[in-house]
Amino acid sequence: EAQVTQNPRYLITVTGKKLTVTCSQNMNHEYMSWYRQDPGLGLRQIYYSMNVEVTDKGDVPEGYKVSRKEKRNFPLILESPSPNQTSLYFCASSLRPTGAGELFFGEGSRLTVL
Amino acid sequence: QKEVEQNSGPLSVPEGAIASLNCTYSDRGSQSFFWYRQYSGKSPELIMFIYSNGDKEDGRFTAQLNKASQYVSLLIRDSQPSDSATYLCAVSGNNNDMRFGAGTRLTVKP
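Chains as they are written, first to last, in this note's numbering: chain C, 1 to 114; chain R, 1 to 110.
Next up, chain R with everything else stripped away, as it sits in the complex (with noise of 0.2 Å):
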């Protein structure tokens, strides 16, 4: 069974700090990677995406990939209150199935 797993939080970080969200995948074959926000009662939207080993930069997000260790994190710098809501790893392969962890919540505190 190939799994994405994420710390389910709740992670609580203050206004203006770095939010720091982990996913760990098992599948070795899988090539793309991504990050959603789902705001309570809402939709996943996708943040970023990340597809070689290294750094992503996007604004305040920062996506790091190192696929030998089958670990994906996003970080996101000077956290805003709108920055509150539950962030979902989704790990894509070759044949075409997109999987999600369970989600991180994240609340930042004004």
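Only chain C is shown next, with the shape it has when bound in the complex (with noise of 0.2 Å):
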């Protein structure tokens, strides 16, 4: 089954303890990207890459880090977690460029920051 695996779906933290939320995919996707999702705000994006060692800055990637190392794996690391970063997050995947293909998400990882 294609599809975009998020782990973990949920997690509490507290400030400061690094953190890694793990993303992989199985459609052979050269896209993917992170995005958090917060009330009233929608979907902003965090990170994106377009391949193997090619990342690039969102929006917001403040407090971000990611790598690209292997095609199918995306993880989105928080090095010093703090409670602004409490959040609901998507990793997305895509054939071609954002522009012109569709978004397959994650099911999210729900992440608290105490």
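Simulated from the structure, these hints should not be mistaken for lab results. Owing to the predicted nature of the structure, the values given are computational and were not obtained by experimental measurement. Some hints here could point you the wrong way.
Taking lysine-lysine pairs in the BS3-like style, the calculated list, with each CA pair at most 27 Å apart, reads [claimed, not checked]: (1) C:65 with C:17; (2) R:56 with R:67; (3) C:65 with R:42; (4) C:17 with C:57; (5) C:71 with C:18; (6) R:42 with R:109; (7) C:71 with C:57; (8) C:71 with R:56; (9) R:42 with C:57.
If you follow the hints, you should be able to join the two separate chains into one complex; please do so.
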């Protein structure tokens, strides 16, 4: 089954404790992206990647890191989480660059930073 | 700042009616336009995309694009209770950025 898999789905952590949210897709997609979704603000892009070793900032990259060492994986790293990073996070992939293709979303990871 | 604006709703329509969802965008260079549906607690899923001015129909759904007015809409005919969800408008330009509106919550009442 074609899918985007995120882990963990739910996480409660404390300020400053490094965490990684993993994202993996099995559709051989070139493009992967991370979004956060907050009430009233919609989906905001954090980082995206057009291919292996190619990443770029989205609208809200501060406090986040990403890497793309393999085509299928695109982890999101919070080096020192803060309460304002409490949010619902979605990983997405697309066969072609964003403007030309459908985004397939993972199930979401709900993060709470205390 | 490139903006995508939607009425947050909630928009309530009776079963069988036409639901009209609207979206405006600020970047005149935008080229691709998408409508996603998001059920509560779930991830967004693509309903339709449109690239050219005019209407595009798919079953009960019609997307309308007017680039001169920087306006895109989604019409849902014969609305069903299962259409109750939040509808996200997304706009993409040349530089691979995809911007989403905050979404419109639609409720279809039996």
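Problem - Hint consistency between residue 17 of chain C and residue 57 of chain C [alpha-carbon to alpha-carbon, up to 27 Å] - result: holds, 23 Å
Practice task
Quickly compare the C-alpha distance for residue 65 of chain C and residue 42 of chain R to 27 Å and report which way the hint goes.
Solution key: Distance ~25 Å between residue 65 of chain C and residue 42 of chain R Cα, so the pair holds.
Practice task
Sort out whether residue 67 of chain R lies within 27 Å of residue 56 of chain R, counting only the CA atoms.
Solution key: With Cα atoms ~14 Å apart, residue 56 of chain R and residue 67 of chain R stay inside 27 Å; holds.
Practice task
For the pair we were handed, residue 71 of chain C and residue 57 of chain C, check the Cα-Cα distance against 27 Å.
Solution key: The hint holds at about 18 Å.
Handout entry: Straight-line alpha-carbon gap residue 65 of chain C to residue 17 of chain C, limit 27 Å
Key = holds, 14 Å
Practice task
With a cut-off of 27 Å on the C-alpha distance, tell me whether residue 71 of chain C and residue 18 of chain C pass.
Solution key: holds, 24 Å
Practice task
Take the C-alpha atoms of residue 42 of chain R and residue 109 of chain R, compute the straight-line distance between them, and say whether it is at most 27 Å.
Solution key: Holds, because 21 Å separates the two Cα atoms, which is no more than 27 Å.
Exercise for the section: For the pair supplied as a hint, residue 71 of chain C and residue 56 of chain R, confirm whether the alpha-carbon distance does not exceed 27 Å. Expected result: violated, 34 Å
Handout entry: Hint consistency between residue 42 of chain R and residue 57 of chain C [alpha-carbon to alpha-carbon, up to 27 Å]
Key = Judged against 27 Å, a Cα distance of about 25 Å means the pair holds.
Consistency with the previously given hints fails for number 8 only.
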